[in-house]
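Colleague: Hey, can you work out the whole structure from these sequences and the hints?
Sequence lines, in order, name chains P and A. In terms of the numbering used here, the first sequence is residues 1 to 445. In terms of the numbering used here, the second sequence is residues 446 to 923.
Hints are computed from structural coordinates only; laboratory data are not their basis. Hints are supplied without guarantee of correctness; some may be wrong.
As the list claims (entries may be wrong) - Not everything, but these chain P residues come out facing chain A in the computed CB check (under 10 angstroms):
no.: 1; residue: Val-70
no.: 2; residue: Ala-85
no.: 3; residue: Gln-92
no.: 4; residue: Ala-130
no.: 5; residue: Tyr-144
no.: 6; residue: Gly-173
no.: 7; residue: Ile-174
no.: 8; residue: Glu-249
no.: 9; residue: Gly-323
no.: 10; residue: Arg-352
no.: 11; residue: Ala-443
Said to hold, decoys possible - To be clear about the criterion: a stretch of chain P counts as covered by chain A if any three or more of its residues have a C-beta under 8 angstroms from a C-beta of chain A, and this derived list gives those stretches:
no.: 12; stretch: 34-46
no.: 13; stretch: 75-82
no.: 14; stretch: 131-143
no.: 15; stretch: 365-372
Glycine residues also receive a C-beta, built at the ideal position from the N, C-alpha and C atoms.
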Amino acid sequence: MTCPLEVCDRVLDTVRALAGDSAEAQVTVGAGTSGLTRFANSFIHQNVVEDTSVATIKVTLSGRSAGATVSGTDDEALHRAVGGAIEAARLQPTDPAWPGLAPPSDAGPAGYWDEATATASPAVRSGLVAEFVEAVAGLDAAGYCETTAVRAAYANTAGQRLEGRSSTATLDGIARAPGADGSARQMSAAVGDLRGTATGAAAAARARDGVDVVDLEPGRYEVVLGPSCVADMLLFLGAYGFNGRTVVEGRSFARVGETQFDPQVSIWDDVNQPGAVGLPFDAEGTPKRRVDFVTAGVTTGLAHDRRTAMAAGTQSSGHAIDGGEGFGAVPTSVFLGPGTASREDIVSRVGRGLLVTDFWYTRVLDPRTLVTTGLTRNGVFLVEGGHVVRPVGNMRFTQSYVDALAPGNVLGIGCDPQLGMVYFGTATAPTIHLASWHFTGGASG
Amino acid sequence: VFDVGTSAVEAALAAGARYADTRVMTRRNETMSAQNGAVEGLRRSDGTGLGVRALIGSSWGFAASTELDPAAVRRTGVRAAQTARASAAVPGPQLELAHIPVVNDSWESGCVEDPLAVSPSEKGDLLVGVTDVMHRAGAPVARASYQIWDTEKWLITSEGSRIFQRIRECGAEMSATAIGDQETQRRSYPGIGGQYGTEGWELVRRLDLPGNAERVAAQAQALLTAPQCPATVTDLILGGEQMALQIHESVGHAIELDRILGWEAAFAGSSWLNLDRLGSLRYGSELMNITADATLPGALGSFGYDDEGTPAQCVPIVVDGIWVGVLSGRDTAAIAGVPAGGMVRGDGFNRLPMVRMTNIGLLPGDSSLEEMVEATDEGILMDTNRSWSIDDKRLNFQFGCEIAWEIRRGQRARLLRNPTYTGVGPRFWASMDMLGGPDEWTFYGTPNCGKGQPIQIGHTGHPAVPARFRSVRVGVHG
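Modeller: Following this line, the structure appears as structure tokens:
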């Protein structure tokens, strides 16, 4: 495999040769392999592998910028991409908010890596799927097992040079009983951590518990939300709320220094925390640093890229995303601090409420209030007097994610943090117990 | 290029595949965005590679690579077969393929003005200009962008088909966001995410972004102080752009045969439709006529052949309100016992082709938006999608729009903010009693349809007209 940093150097040499030493340029090269095995109706129906190598280049000439992305690392393709970017940059208007390139700095840890995951064969993934399918015996199974590995490098003409690598392994599936699905999932940096039998058995138990649902009237309910639901909340809180750009533009709820959440709530981003996965630097070559967004209920920090940091008079936190000029900076390894209660303890404290496994198809109605609509999925259960009494039909909710975590509304946080994929990266979230959640309809209408 | 693909197919067959195909693809993409009178980013991408599909037993194996030297190409073919073979650890019924003719052909989408040949400075001036106008007109955040794709692909199948296609697509969008004390309001033109088609830059010129910039900014500002959409049950008129979203979510995905067969159950979800009812199930009122037509010139879901080599075609989906058709590929069609529909496409060389919407459209009726308003004593007119959410069986939906007007005694009355409506697919479609006519029939394009794992972004088209629905629940708020 070609060394990504060596490819970066070739690109920068080409920029200098074509545009002179005054040109500013940055390049990220990611080379990786991924494999994904999908199963449905209890058999594998799609099995894919991919080797990729992508160079993402940005050239800036006197404040005029253009970017290019090219697959492969051959000299001709890279030369053509650099030449096209230079030509396009010369025709662009000057960017008055160009923040310049990331200066040289310490790269920090290289990222979490597992060689067995990086070299996992289709047979390894198929073996895990076989365990999952066998464990749901008597029910239909569907889902996927994925292994990914990427080696990446970043370099720019200001002298910044970084390398990192990351591996991930995921087993995620459902068991399907008549009229009820149950889900379970595992994610880690190492494929050896995945347990097909245990994951399948957990999904099957949820599915069997979910059979024979009744519909409940919509309204406000006390809820216990599973880790994947909380991860969804963290995604939107981060992308729309703790995003330095939305704050600078006045489109965010976040007000640093104010108590906006319950004192039990602490939220941060830290790619270097044990258990996290991902690369240790961002798309602009800034090493990712820990940012505490919420500390004991008080909003304390924001994610910044170089552009939003300049506008806010601060430093980038290393949260620029590829192609994110128009979106801003977002958390990519976000955590919600766990509590001490087990899920069973939390359920035992519920008077009358709902235990929700997963959310589905959530969309933000207004990015400022974070009023969000979506549905429950893969198991909803009525809890009365501290006991799960029966499964209920899926329900639609329309609820502000900020209000849901407001002071006094958080009744408990579980000790069961679970790593999971979200749109911009990963979230590690525990079960959470909330006093009120607004269900606005049943899924059946 | 055909020789390269043939080499990969032969390698897959030699490694045990009973069927194999290869797509060699080159895709050039250009996108630019601007905010408040300044260009934020211009990016060009250039991706070339090949993807090989190999069928063994009950599973597809797929391998992709950017390396195109002869040894690497053969290696990719072998890897596809080996990957398919690994699926035997969890086997199912043998997968068959519906018959399609062997084809040697080429096809190219229509394009008057090559969008990649238009100067970046001209395109930048357009975005800078309209965002500057919207910003000066009072929008704190004024954004605009365009996207261009120029795709060449060579398909080689082990049955002997050789097909070359070149498809050029482009489109643009702009939006103005007003910021109030408690919430934001956005107006977009020509719709959320913009308008796209298989056309050249003439499409963007036709949109007339500059001619709509001031109006969009003024409406965003006006929405901040408009009364909230009331929570009630009333007659609902939807503009064409929102109808496109309604069709996409509550018809297009529901009729995907891979969903109906359970292949997407764990991720994208399944469907409320059961093949036992194909041909007899009432999907909506008698005004409802839906086709999947990949032959419409300029529509975003048009092509010559799908990624299996099945010719583009027009397939009836709903006729006079009765469900009669599905979206299929060769494998799903063989299971369901229907002809291959030619609806399989992959997002780039490195993604396994899967069932995808083509142009899923509602055929026009004989009314018009203004006639619908005049014929409505009390109701709400909503337009331009703002949010969309639907359950995993594609039944229960809740959609939000950017703007609404109260209708009283056949007249547009007050502007309303935060309009939403909710319903259940077949009941909602059954309540449709007025449809816009041919003059209002527009081919809306959706360039961001997510499906599959690894996730694939599909380009779909949705011909639509305004329509009226009776007794709909509106005004669902948090």
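Colleague: Each of the hints needs a verdict: does it hold here or not?
Modeller: Okay, the hints, checked on the actual structure:
1. Val-70: At about 5 angstroms, which falls below the 10 angstroms cut-off, the nearest Cβ of chain A leaves the hint on Val-70(P) intact, so it holds.
2. Ala-85: Constraint on Ala-85(P) satisfied, holds at 7 angstroms.
3. Gln-92: holds, 6 angstroms
4. Ala-130: holds, 5 angstroms
5. Tyr-144: Holds: closest Cβ of chain A sits about 5 angstroms from Tyr-144(P), inside 10 angstroms.
6. Gly-173: OK, holds: Gly-173(P) within 10 angstroms of chain A, min 6 angstroms.
7. Ile-174: holds, 5 angstroms
8. Glu-249: holds, 6 angstroms
9. Gly-323: Holds - the Cβ of Gly-323(P) comes within 10 angstroms of chain A, reaching about 7 angstroms at its closest.
10. Arg-352: violated, 22 angstroms
11. Ala-443: Check passed: Cβ of Ala-443(P) comes within 5 angstroms of chain A, closer than 10 angstroms.
12. 34-46: Satisfied; 13 residues make the cut.
13. 75-82: holds (count 3)
14. 131-143: holds (count 4)
15. 365-372: Contact hint for the stretch 365-372 of chain P vs chain A: holds, 7 residues under 8 angstroms.
Consistency with the previously given hints fails for number 10 only.
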